[in-house]
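K.L.:
Below are the chains, spelled out letter by letter.
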Amino acid sequence: MNKIEAKNVDVYYGAKQALFDINMDIEANKVTALIGPSGCGKSTFLRCLNRMNDVIDICKVSGVVKINDYDINQKDTDVVRLREKVGMIFQKPNPFPKTIYENISYGPEIHGIAQSKSEMDNIVEESLRKAALWEEVKDRIHEPGTGLSGGQQQRLCIARTISIKPEVILMDEPCSALDPIATAQIEELIDELRKEHTIIIVTHSMSQAARVSQNTGFFHLGKLIEVGSTDKIFKNPAQQQTQDYITGRFG
Amino acid sequence: MNSVIFLTIVLLALSSYFFGRKKAILIQSNKRLTALPKFYGYYLAIWCGAPAFLLYALWSIFEPSIVRFFILSDYSSQGLLEGELNLFYEKVKSLSRNQYSGELTAELQRSAEKYLNFRDIAKWSKVVIVLSLLIASTGYAYTKISNNTKTREPVEIFLKGVFFLSSLAAILTTIGIIFSLLFQTIEFFQVIPLFDFVFGMHWYPAKAFVRDASEALDPSMYSDTFGAVPIFAGTFFIALIAMCVAIPIGLLSGIYMAEYASKRLRQYAKPVIEILAGIPTVVYGFFAALTVGPFLKDLGLSLGLEVSAESALAAGGVMGIMIIPFISSLSDDVITSVPQNLRDGSYAMGATKSETIKRVIFPAALPGIVGSILLGVSRAIGETMIVVMASGLAANLTLNPLESTSTITAQIVVILIGDQQFGDPKTQAAFALGLSLFIVTLVLNIVALSVVKKYREKYE
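Read top to bottom, the protein sequences are chains P and V. Taking my numbering, the leading residue of the first sequence gets -16, the next gets one more, and so forth. Taking my numbering, the leading residue of the second sequence gets 8, the next gets one more, and so forth.
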């Protein structure tokens, strides 16, 4: 079953077109990797899926993006509700300048999810456990989140995102600022999160795409060149350009 | 004469730069230089200007006392007192300027002639000696210039010295000011007990006027004159009113400019707000005294309230308007510098703009905002003109914003306006007030820095 369907998506930054007629289906409860050289539009496409491009003044999006068969690009779409359902992890860990606890409780509080203090405590603990961070921070959840290491901060951001139980999690190069050990922990976590969430991950590392994803889309110069199962893309790509990129001939 | 010598030194130093450079360029045509030609120019200019200028400065400092020594050497042996000698010397000097109108004695006339003579000799020998030193040092440096003269290092050392002397001058001036405050204050407290100053409830410095100059100092007559409580209270009260106006308006407009305003609006609106900071405080002062004060009085009358034409509210309110741009502009800057990825993180959680501002951006920007507020507070405490013009000069101890009250700075103005006599408790009271103001501002700055630092440590 397709969780997300993108049809004829074009994106412009001012006069410059960044994405050209993207059509892509994304399956539920699978990890879809978006790969391609820098500036190919993969992050721009990712930001179309929770309308984060709204934040950028000069950015214009057209086309249809359906999530659960609902077009999110309509004028009256409630962006707050959309982003509650579609969470996002960024390239650089960005914990808020608050305590670990407050970082997690932020989402449930603004969406009115927890009714009591004990319920909130449960959400915080559960989110941290799912993000494989609980054991490391349980004695200091009232200390600032910014005091954690880079890998811990990124897992804190993941815990923050899953605290409101989004159906889809978008990850924009989540490991590019992390060391190999922290990267391995996050990759393991991604595989775990797939059970409850649909995950779309933008990555520069082809080996990471091969390790964590079931489906892969290859972008080049603002166009979606090829999309299919990760196995097929890496072993037997249909397009010459994909073949060249996978084998490291450019990009 | 002095300015001519000074200008000559400067001009010669400038032109020697070109001679030095030219010689270096000539050498360069067949040998490799150790530095760029301009360093040879600087080198020669420094050798030309610095020794001559130094001698010139020292000469100017010591010349008067040396001349005085020669003139008075005839008389000091007569067993005259220091004061008598001074008086005599002043007479000699005014006679030499043809401004003396007292009794002429032969001795005086002779000394005046001698004085004029000495001055002439000193003047011309100064010109000759300074210029010959200049020529000697320039010539020495010029002949020393060759392809491997070290010129870069001496120039760098000289510049380092100039920078060092500048910062030394700044520091010494500060220390000098503090000490002059301190000494005068100590003298003040020898007459007025510290306790009476700090805890006294009455401030009537005018009472000290009444004293006959010939009367001996009697500390008891100053009781109930220099009690600083009313003016300290007035200072903090007016500052409080000002901050009640400035903090909300400044902060909210700063947030609007940083987060909501379009680029175009911000481009035009921000300079307009900053113009407020460029208005001279005396303009704010008469605005408060002539417009706001009477308006509040009329408004009060129509509401059945008794409002003094010179009220703390008028002064504080206008002072608040004056401080708005500081808080608005600074908090705008700190909010804009909060990293975009924090905003993205919050928006991606489904937070609205106001939730993001309140719960993520504001806490992140808080150290800077606290800093801007404390800066505003020190402006409010140090502001003089608005209070003098709009809030009256009577130091009432009151917490009613509709009455007039006075501040430390305004009272310093009151004390020092008109004739005053040095060494009088009334004048020294100004130094005591100045020192208190200095201490309050210093403590405020230290507190501000530690608050900001503590907060930084917590979140960085």
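Please keep in mind that the hints were generated in silico from the structure rather than gathered at the bench. Treat the numbers as computed from the prediction; the structure is a model and nothing was measured. Each residue gets a CB set at the ideal place from its N, CA and C atoms; glycine is no exception. Please note that a few of the clues may not be correct.
As the list claims (entries may be wrong) - Derived pair list, reagent style DSS-like, types lysine-lysine, alpha-carbon separation capped at 30 angstroms: (1) P:Lys100 / V:Lys461; (2) P:Lys(-10) / P:Lys43; (3) V:Lys270 / P:Lys121; (4) P:Lys(-14) / P:Lys121; (5) P:Lys68 / V:Lys133; (6) P:Lys148 / V:Lys461; (7) P:Lys68 / V:Lys461; (8) P:Lys13 / P:Lys(-10); (9) V:Lys133 / P:Lys148; (10) P:Lys58 / V:Lys360; (11) V:Lys270 / P:Lys(-1); (12) P:Lys81 / P:Lys121; (13) V:Lys98 / P:Lys75; (14) V:Lys133 / P:Lys121; (15) V:Lys365 / P:Lys75; (16) P:Lys100 / V:Lys365; (17) P:Lys(-14) / V:Lys360; (18) P:Lys178 / P:Lys75; (19) P:Lys43 / V:Lys360; (20) V:Lys98 / V:Lys133; (21) V:Lys270 / P:Lys58; (22) P:Lys(-1) / V:Lys360; (23) V:Lys167 / V:Lys277; (24) P:Lys100 / P:Lys13; (25) V:Lys29 / P:Lys100; (26) P:Lys58 / V:Lys365.
To be verified - Far from chain P, by Cβ distances over 12 angstroms, these chain V residues were calculated: (27) Tyr24; (28) Leu337; (29) Tyr354; (30) Thr363.
K.L.:
List in ascending order the numbers of the hints, as given earlier, that are violated by the structure.
P.N.:
Hint check: 3, 4, 5, 6, 7, 9, 13, 14, 23, 24, 25, 29, 30 fail, others pass.
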